[in-house]
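Quick note, the sequences are listed as chains E and W, same order.
For the first sequence, position 308 matches number 308 in the working numbering, and the numbering has no gaps at all.
The working numbering runs 327 ahead of the 1-based position in the second sequence.
Careful, some of the hints might be misleading.
Computed list of lysine to any residue pairs in SDA-like fashion (alpha-carbon distance at most 25 Å, straight line) [to be verified]:
#	chain 1	residue 1	chain 2	residue 2
1	W	K1166	W	T912
2	W	K1128	E	S71
3	W	K1166	W	G731
4	W	K1128	E	P252
5	W	K733	W	L1156
6	E	K88	E	R212
7	W	K1128	E	S250
8	W	K1128	E	L143
9	W	K1166	W	L1156
10	W	K1166	W	P1049
11	W	K1128	E	M1
12	E	K88	E	S71
13	W	K517	W	A527
14	W	K517	W	D620
15	W	K517	W	R529
16	E	K88	E	G167
17	W	K1128	W	L1157
18	W	K1128	E	P185
Pair by pair, the computed Cβ-Cβ distance ranges are [claimed, not checked]:
#	chain 1	residue 1	chain 2	residue 2	range
19	E	S71	W	G1125	43 to 49 Å
20	W	E1012	E	V214	55 to 61 Å
21	W	R388	E	S77	52 to 58 Å
Hint data in this document are derived by calculation from the structure and do not stem from the laboratory.
Even for Gly, the Cβ is constructed at its ideal location relative to N, Cα and C.
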Amino acid sequence: MTTLVTGASGLLGRAVAVELLRRGVSVRTFQRRPSGVDGAEGYTGSITDPAAVERALVGVDSVVHLAAKVSLAGDPSEFEAVNVGGTKLLLAAAARAGVRRFVFVSSPSVAHSGSSLSGEGAGPADPLRARGDYARTKAEAELLALAADAAGFSVVVVRPHLVWGPGDTQLVARIVDRSRSGRLPLLAHGTALIDTLYIDNAATGIAQALARAVDVHGRAYVLTNGEPRPVAELLGGICRAAGVPAPERSIPARLATTAGSLIEAVWRLRPGLDEPPMTRFLAEQLSTAHWFDQRRTRHDLDWHPSVSLDAGFASLAAWYASGAPAL
Amino acid sequence: MDDSFSRLVPAAGRTWYVLDSGPVLTDEGLEPVGTILCVHGNPTWSYLWRSLVSAATDQARSGGPVWRVIAVDQLDMGFSERTGVERDLTLRVGDLSDLTDALALSGPVVTFGHDWGGVISLGWAVDHPDLLAGVLLLNTAVHQPESSKIPAPLRLTLGKGVLGAATVSTPAFIETTLALAHPPLALDVKEAYRAPYRSADRRGGVGGFVADIPVDASHVSDAERRRVAEGLRALTVPALFLWGPRDPIFSDRYLDDLVDRLPHADVHRFEGAGHLVAEDVDFASATLSWLGDRFGGSEPQDPPVPATAQPAFRSLLSALDERRESDEVALVEMPTTPGGTRTSVTWRGLARRVDRLAKGLALAGVERGDRVSLLVPPGVDLTAVLYACLRLGAVVVVADAGLGVKGLTRAVRGAWPAHLIGALPGLSAARALGWPGQKISTTALPAAAQKALGVAHSVPELLSLGAASAIGLPEAPGADDLAAILFTSGSTGPAKGVAYTHRRLAALCSTLGETYGVGPSTGIVAGFAPFALLGPALGARSVTPAMDVTSPATLTATAVAAAAAEIDATVLFLSPAALTNVVATAGDLSEGHRQALNQVGTFLSAGAPVSAALLESAATLMPNAVPHTPYGMTEGLLMTDVTLDEVRAAREQTEAVQGVCVGRPIAGVEIRISDLDRDGVAVGEPSEVVGTTGEIVVSAPHLFDHYDRLWLTDRAFRRDVPAGRWHRTGDVGHIDRDGRLWIEGRLPHVLSTPDGAVTPVGPEQRIESVPGVRRAALVGVGPRGTQVAVAVVETEPGARKVALSDPELASAVRDVAGLEVAAVLVVPLLPTDVRHNSKIDRTALATWAASILEGGPLVAPR
């Protein structure tokens, strides 16, 4: 039997597909453009296209659903269509196709409103309080996924927090680009403790959630390295690995939050541009603590991150040193 | 509130509203062991007792002792009937009897009163000896001490024209009372208190109650009040007073009066709580714990030690008595100012001085059992006053300036001394801060100063009074009478009063003598207060070096050596803070000074951990002395002892050093370890387990007797200990396979990480080994069970402001710490306590670190 991985062209989806293959699982990938994962059966199509989704599910007994619109700004209806509509469609089709296990990859931001989180567990998703279109639509989708959990259809939600690693075009590349051009300030001295998740650990954690789905179904788990660090240290570690100067200039968090919401509003009026430099969501993320209680995650999933932060920085440095090749 | 407890009860033609758990208990087949009869004051109502009603019912339902709770609304108050008749105290005591008759209440009954309900509940108690099993009180009063006035806020309310307006026509009195809660009451709770008093016609009882306060002997209720107050003295039933000291009306003086009437009462003062103590703290749990202890249902506390197990008692005054004909030097006080004269006293002189002062104090009204606060710097005066008080059976209260003005005030008010003996600075502080007690000055003051400071007597005056008087001294106090209350340093929470009996102080004295060979041939340099005072009790001569007691860190090497030379000292006691400065000023020593220090055979530094490096430096000043650093606390001053050589040997023999080695138990001391669960709670049965880290539990004849007026605290520190007098120290550590004790920190400072409990001292020692780190503190941030470790470090050279450490230092710290360190924060200075200049309040530091690591402002820790 086969496992379907949606959104496998992204950093995380690809790593999950590779990890499952390494575990001897037969993998089929499904996304808009070819995933290029060696050894996987590649299907292409949109998560919002019922026929394409139905085709991809033939012969599949388990699903890892990563496909989503991940962005800090953009057209709200697009988030709605992909993140909520796509998930709804996939859940229904999967149940019809006889899928037994379904892992929904969510985000810790679905449960939080922007305040500091210190040692928090995985609270219930709350679309009304979640900040930004991404978090709000993921929260809605997560509720749909958990509602679909039923006997014979085990749904598990995992919420990886700030995934990074070699080949990351989202977090790492942006930090490095901005820092290189001197556009990366620290917010509030960068003292806020933030937990992140190294890419390899994210892949094993999600694969483990799939393996343990029958025992832990109906629950949500935050996945992190369990190594919270001040945000200045994290940014510094990434910048040093990439050989660019670490940020030193600090601006008050409130200033950044205000500027962020202004910029966010302007960007909405002028779609089609690159990601805005600082959204309110990002400002909050970088100036308030975000770290989580990992005891339940590690116990229930029988999982422990195998790559430490420092080992992760070393791998990132090696990758930059070799010219940052495409993965 | 649960409606099922509410009922209306007709009694003697009036209708009462009461909360009563009786019917509910009966319905559920639960048979009460007794009844708690609760009487509210003014202007509250039975709502005040709601948490007790539900907690007692929950306890009954879960299989615990079944106590029925009846909380009444007094007539004209709450939701009870408005009678239209002025109800004075006599009438109200009778009303309550009518109600309990109507309820056919049978025993045993414990009464519980608050505010003016206290007198009424006690009136009922005095009138029902056959039913009465105990009396409990929250802030209240039964007597207006002659020397004091009615509290200012009440005087204002009682003023003509004010009374009606304040209490009846406007809700001002109710609002004022509700504003007394600490922390402030929630809106819904305030609303509930206001509910029965919405209109002026509902508030008549509030005004009537205030008008019924017996301000003087001519008041209609005064006779009844007196009858109750005097009746109390005959009560022998168990008693509990739960008190909120921040009360502008019923202040500590009224608590002291109640304790005087019921000396056997258990007392707990909730520091920070006020008049509405029932709202400020969880008084219901405290009440149920106490009822369990006193009336069964939980393990008995502290079973009595059989008389045969008690060591023989030798009075602290024996040695002085035996030497009263000796003209050898007993005591020398070095001049505190350059060019000043030293004071030297013989044994004969000291004995005479103590006798005369004891008589003089007795003539000034100091009675056996009276508390006497001593604000006198170490020296001849302090020693004479101390031994005179001990001779009289007065209880000395010793709180040192290291507590700071706020801490001292809290300590002195908490102990509520009847007398205060002080030098000028102490008396000025007492005047400025309103400390209680008759004031006695150590020196004769000019009349104007005496008047300004409210001083009634001086020590010289009392000495001549005593010398001239033909009265005999009273009988010497008994071994188990209270002798002293010493205050803890307050480095971990508010300072606690630690009560010692004569027997336990005497045991401390003989332990000190036996352990360090202190006796008649010994000369002591007394630079560490608790031990400094024991010289005369050991028959040893002692000298007080010139020092500023408020700042032990200013004692110089020259001052110590000069003092040692004065009496050919062989034993030296110093606090770690003083020792640090002595070592730092050693360069100033002359050859003569050095020779005096050569004579020292034993040298002791106690009070806080002393590093081997400091001991080594001190040892070079005293080449013939064996340096010791005993482990102890205010509650038990000598628990273990270790010499410098043993410290070195222990470190060499130990592979992974975890903590500070404090050596082996002193003779007579037993030590057990209560191991920690994953959350850092000491749950293990105290045992002699080797190598396991847990809370250190100690037993010794010279351990303190109890915490003063802190019944709940006292109970907590005796929780789950073996039979006999044991004390949970609040310190964590382990015993190694050679029987040595290692201290790893304070229990409240233990981190609770996902990998289990982590004690701070071991990682701190490793972090301090990093070049450039001067001092480190390890704290936990985040919810217990999933905390992350944060290192806070002082660097060398010092940092100018608070910052995240640079990546190099952070990496070096992480390499050695031995556990995951989430962040390394650099500070200019780690805040320490005043007394020891070394103890870091890591609980406060953790709160500070948590704020910064949530993105809060980069302020310095305090």
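Hints versus structure:
1. K1166/W x T912/W: holds, 23 Å
2. K1128/W x S71/E: Not OK: K1128/W and S71/E at ~38 Å, beyond 25 Å, violated.
3. K1166/W x G731/W: holds, 15 Å
4. K1128/W x P252/E: holds, 18 Å
5. K733/W x L1156/W: holds, 22 Å
6. K88/E x R212/E: holds, 23 Å
7. K1128/W x S250/E: holds, 15 Å
8. K1128/W x L143/E: It is violated: about 47 Å lies between the C-alpha atoms, which goes past 25 Å.
9. K1166/W x L1156/W: holds, 13 Å
10. K1166/W x P1049/W: Violated - the C-alpha atoms of P1049/W and K1166/W are around 30 Å apart, more than 25 Å.
11. K1128/W x M1/E: Distance ~61 Å between K1128/W and M1/E Cα, so the pair is violated.
12. K88/E x S71/E: holds, 20 Å
13. K517/W x A527/W: Judged against 25 Å, a Cα distance of about 18 Å means the pair holds.
14. K517/W x D620/W: This hinted pair is violated, its Cα atoms lying about 33 Å apart.
15. K517/W x R529/W: Given that 25 Å is the threshold and the Cα spacing comes to 17 Å, the pair holds.
16. K88/E x G167/E: violated, 30 Å
17. K1128/W x L1157/W: holds, 12 Å
18. K1128/W x P185/E: holds, 20 Å
19. S71/E x G1125/W: 43 to 49 Å: Taking Cβ atoms as reference, S71/E and G1125/W lie about 47 Å apart, which means the hint holds.
20. E1012/W x V214/E: 55 to 61 Å: violated, 41 Å
21. R388/W x S77/E: 52 to 58 Å: holds, 56 Å
Hints 2, 8, 10, 11, 14, 16, 20 from the earlier list are contradicted by this structure; the remaining hints agree with it.
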